[in-house]
Amino acid sequence: MLLILIVLAGAISGIIFNSVGEDANSQTPMARITVESCKGGLYGVGPTTKRVTLEENKIVLMHEGGDALPLSTTSIKISGYGNSYQGDVGNGGTRVEGDTEVFYENLSPEKKNNTYVSRNSATLEDGFWTIGEKLILCGQDSSKYVNSSVKVSVDGDSNTSDNYGFKADSEILLRIIDSKSRNILVEKRIIVQHAGK
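Using my numbering, read the sequence shown as starting at 807 and increasing by one per residue.
Check the hints yourself; a few may be wrong.
[Stated by the list, open to error] Listed next, the in silico BS3-like pairs over lysine-lysine satisfying Cα-Cα at most 30 Å (straight line):
1) 973 <-> 917
2) 845 <-> 864
3) 940 <-> 845
4) 973 <-> 994
5) 883 <-> 864
6) 864 <-> 994
7) 864 <-> 957
8) 973 <-> 845
9) 856 <-> 973
10) 856 <-> 994
11) 917 <-> 940
12) 940 <-> 994
13) 856 <-> 883
14) 957 <-> 940
15) 986 <-> 917
16) 883 <-> 917
17) 940 <-> 864
18) 973 <-> 864
19) 917 <-> 994
20) 957 <-> 986
21) 917 <-> 864
22) 845 <-> 856
23) 957 <-> 994
24) 986 <-> 940
25) 883 <-> 940
26) 986 <-> 883
27) 986 <-> 856
28) 845 <-> 883
29) 940 <-> 856
30) 883 <-> 994
31) 883 <-> 973
32) 940 <-> 973
33) 986 <-> 864
34) 917 <-> 957
35) 845 <-> 917
36) 957 <-> 973
Bear in mind the hints are in silico, worked out from the structure with no lab data behind them.
Could you build all of it, start to finish, from the sequences and the hints given here?
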């Protein structure tokens, strides 16, 4: 009987220790991310000499402190007035404009444009976004991918090329999210500066 009690006590303490250990390991990370710059404009709109390209829509983010963020479980959602493209460029496609939502499912190089990888090579190298590292997002990060990890919808319509531009001088809302816990790590309201300025 005493032996059964000792075995039971050991099993219970093991369960408690494991669940406490799991909670400690699954804590939501905390990080201080600042916006170094945000430039852009609606893609292909206005006089030819003042038109903004998808590549010129850039947001530069800097990790200033706190935990290293795993690229595979960190998402970014950007909302504001913008535009995207439907169909093939130069093959009967059209621009769509309105309330635009951009969702980076994760920050890893998987299913993104090669320029995303080269632009962010130092940050992507070890799989973590750490203090002192920049992350540069661009309106063409998903180009050439059918099943992109960057999703774009305009006025609720997700049938887009998954590229984006945001209206200059408008406000966008940027959220960095821990996809494991679904908690928002950072939330920023940013004014888009015109890419030509």
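Verification of the supplied hints:
1. Under the criterion of a C-alpha separation no larger than 30 Å, the hint pairing residue 973 with residue 917 is consistent with the structure, at around 26 Å.
2. Distance hint between residue 845 and residue 864 is fulfilled; the C-alpha atoms sit about 5 Å from each other, no more than 30 Å.
3. Using a Cα cut-off of 30 Å, the hinted pair residue 940 and residue 845 holds, with the two alpha carbons roughly 16 Å apart.
4. Annotation: proposed proximity of residue 973 to residue 994 holds, straight-line Cα distance about 17 Å (limit 30 Å).
5. Between the alpha carbons of residue 883 and residue 864 the distance comes to roughly 14 Å, so the proposed pair stays at or under 30 Å and holds.
6. Proposed proximity of residue 864 and residue 994 is supported: the alpha carbons are some 15 Å apart, at most 30 Å.
7. With a C-alpha separation of about 16 Å, the suggested pairing of residue 864 with residue 957 holds against the 30 Å cut-off.
8. With a C-alpha separation of about 9 Å, the suggested pairing of residue 973 with residue 845 holds against the 30 Å cut-off.
9. Taking the CA atoms of residue 856 and residue 973, the gap is near 13 Å; set against the 30 Å cutoff, the hint holds.
10. Distance check on the hinted pair: residue 856 and residue 994 sit about 28 Å apart at the alpha-carbon level, within 30 Å; holds.
11. Of the supplied pair hints, the one linking residue 917 and residue 940 holds, its CA atoms being roughly 20 Å apart against a limit of 30 Å.
12. Between residue 940 and residue 994 the CA atoms are separated by roughly 16 Å; this keeps the pair inside 30 Å, and the hint holds.
13. With a CA separation close to 27 Å, the supplied pair residue 856 and residue 883 stays within the 30 Å bound.
14. The straight-line distance between the Cα atoms of residue 957 and residue 940 is roughly 22 Å, inside the 30 Å bound, and the hint therefore holds.
15. Our distance criterion of 30 Å between C-alpha atoms is met by residue 986 and residue 917, whose separation comes to about 20 Å.
16. Annotation: proposed proximity of residue 883 to residue 917 holds, straight-line Cα distance about 17 Å (limit 30 Å).
17. For the proposed pair residue 940 and residue 864, the alpha carbon gap of about 12 Å is at most 30 Å, so the pair holds.
18. Under the criterion of a C-alpha separation no larger than 30 Å, the hint pairing residue 973 with residue 864 is consistent with the structure, at around 12 Å.
19. A distance of roughly 26 Å separates the Cα atoms of residue 917 and residue 994; the hinted pair therefore holds under the 30 Å criterion.
20. With a C-alpha separation of about 19 Å, the suggested pair residue 957 and residue 986 falls inside the 30 Å cut-off, and the hint holds.
21. Proposed proximity of residue 917 and residue 864 is supported: the alpha carbons are some 19 Å apart, at most 30 Å.
22. For the proposed pair residue 845 and residue 856, the alpha carbon gap of about 14 Å is at most 30 Å, so the pair holds.
23. With a CA separation close to 20 Å, the supplied pair residue 957 and residue 994 stays within the 30 Å bound.
24. Using a Cα cut-off of 30 Å, the hinted pair residue 986 and residue 940 holds, with the two alpha carbons roughly 22 Å apart.
25. Restraint check for residue 883 and residue 940: satisfied, since their Cα atoms lie roughly 17 Å apart, inside the 30 Å limit.
26. Taking the CA atoms of residue 986 and residue 883, the gap is about 15 Å. The hint holds against a cut of 30 Å.
27. Straight-line distance between C-alpha atoms of residue 986 and residue 856 comes to about 42 Å, which puts the hinted pair past the 30 Å bound.
28. Taking the CA atoms of residue 845 and residue 883, the gap is about 17 Å. The hint holds against a cut of 30 Å.
29. Distance restraint check for residue 940 and residue 856: the Cα-Cα separation of roughly 28 Å lies within the 30 Å cut-off, and the hinted pair is therefore satisfied.
30. For the proposed pair residue 883 and residue 994, the alpha carbon gap of about 11 Å is at most 30 Å, so the pair holds.
31. Only pairs whose Cα atoms come within 30 Å are accepted, and residue 883 paired with residue 973 is accepted, the gap being roughly 17 Å.
32. Between residue 940 and residue 973 the alpha-carbon distance is near 23 Å, which keeps this suggested pair within the 30 Å criterion.
33. At most 30 Å may separate the alpha-carbon atoms for a hinted pair to count; residue 986 and residue 864 meet this at roughly 27 Å.
34. Distance check on the hinted pair: residue 917 and residue 957 sit about 11 Å apart at the alpha-carbon level, within 30 Å; holds.
35. The hinted pair formed by residue 845 and residue 917 meets the criterion: a straight-line CA distance of about 24 Å does not exceed 30 Å.
36. Of the supplied pair hints, the one linking residue 957 and residue 973 holds, its CA atoms being roughly 18 Å apart against a limit of 30 Å.
Violated hint: 27 only; the structure is consistent with all others.
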